[in-house]
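For the sequence shown, the numbering used here gives the first residue as 1, with consecutive numbering after it.
For the record, the hints were derived by calculation from the structure and aren't laboratory data. Watch out, some of these pointers could steer you wrong.
Per label pair, the in silico range of CB-to-CB distance [unchecked claim]:
| id | residue 1 | residue 2 | range |
| --- | --- | --- | --- |
| 1 | A196 | P6 | 57 to 67 Å |
| 2 | G178 | A340 | 34 to 44 Å |
| 3 | A58 | V236 | 16 to 26 Å |
| 4 | L338 | G192 | 42 to 52 Å |
| 5 | H59 | A196 | 51 to 61 Å |
| 6 | W278 | G334 | 28 to 38 Å |
Glycine included, each C-beta is placed from N, C-alpha and C at the ideal position.
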Amino acid sequence: MPRSTPSVLVVGGGAASVFVTVALRERASVLGLPAPEITVVARDVPVGLGLAYGRAEAHHRLNSPASAMSLSPAEPGGFLDHLDGIGWRDVDGSEASAGSFVPRQVYGGYVAGAFRALLDDPASGVTAVRGEAVSVVDVDGRSAVTLADATELRADVVVLALGNPAPGRVRVPTAGVGRTVDDPWARDALDGVRSADRVLLVGTGLTTIDIATSLARRHPGVVMTATSRHLLLPAVHLAAPVPAGPGLRRGDGTPRLPELLHEFGRQLRAASAAGEPWQPVLDGVRPQIHALWRGLDVADRKRFVAHVARRWDVHRHRMAQSVWAELSELIDSGALTLSADVSGEEFDVAVNCTGPNSVAARGWSPLVDALLSAGEVVSDPAGLGFDADASGALVTATGDVSTRLFAIGAALKGALWETVAVPEVRVVATRLAERVLPA
């Protein structure tokens, strides 16, 4: 009797849902199985955009080069082929190359277009339902997913591709500010900012760069100040791609955080002494991150978050050279200043650029609240997301690893650390598919 494939319901309409869909279909094909029935439940259409690509402005660029952005590991040149197929050219007229940092809107079109092609193919087994999932319960060994309008859908496996929650309310140092923008990615969030406003950007990460360049383009002459504890801006990608380094050498046993940091520092010093850039050293560690993170005990994970994470993030999540050119022009002209010591009374508006809350926080999603209350999911020990295994299978309140409830993307930050960039999403989608469809 032919082996059947489980049906899968994916909750979420961002890029991660498309990566999961593609990975499951490719896994079934490799195993010679029928294509699984996959239903994607999304609040917004088209599926594939999410906040990252659906709210991006035309000048917002990817933070990874085009060569790293394919939907499928089986087709590593897929995104470059797409760019060639649509005749994309950069603002300077240049064609796409492996090292191009393409506008996020263009990438969103690639992801959404791939999903739309599956929807248009009756034989694909892929469908989309517009709505908001509010509960997932086990019914006779299958998952029953209830939507806000009381529609019930059933599947063998559910994947939570929830994206990021909005940031929390901006507080210090905004006392006395005329008004605040708590979520800069909300629709029309920046429409109330005026050219004459004195703008405080709380945070100095990638979101700050997006918002600063957007406001400067909308309101030439606007005056902005960005503030954070350490005033660390994201680092800049090299002008041309350089092969990644070998990664960290690990001895027998499970290394502790100090040992890993010592080896990492040794490689950085060696690169500096040889007159070589530091970026390949970090990029060589990137494929090891999931295994390294899972090898750390809870105490070391918390130490990393407290003492290393911010510096790791600004060097790991880098900006394109063209983005830095625009940002540095704002700094040099005085349109943007950096200051750790600010007073809210000096500003007309403050924009929260501190980044999202944990997916496992209560209050932002009825579905997350319901799953936490039912013990179907728990926060990871470091409080960064859901507890899960390396494939995204979620851990319950009793410590069991679920066979029917999975997650991908930001929800897995505490389980894997690096989970939101496309290369990591693609890796986890592949692992998830292998877990759902074992050989």
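Checked hints:
Distance hint check for A196 and P6: the Cβ-Cβ separation is about 58 Å, which falls inside the suggested range of 57 to 67 Å. Between G178 and A340 the C-beta distance comes to about 22 Å, which lies outside the given range of 34 to 44 Å. A C-beta distance of roughly 21 Å is found between A58 and V236, which places it inside the suggested range of 16 to 26 Å. With their beta carbons about 24 Å apart, L338 and G192 fall outside the hinted range of 42 to 52 Å.
Between H59 and A196 the beta carbon distance is about 23 Å. The supplied range of 51 to 61 Å is therefore violated. Take W278 and G334: their Cβ atoms lie about 30 Å apart, and the range 28 to 38 Å holds.
Against the hints set out earlier in the document, violations occur for numbers 2, 4 and 5.
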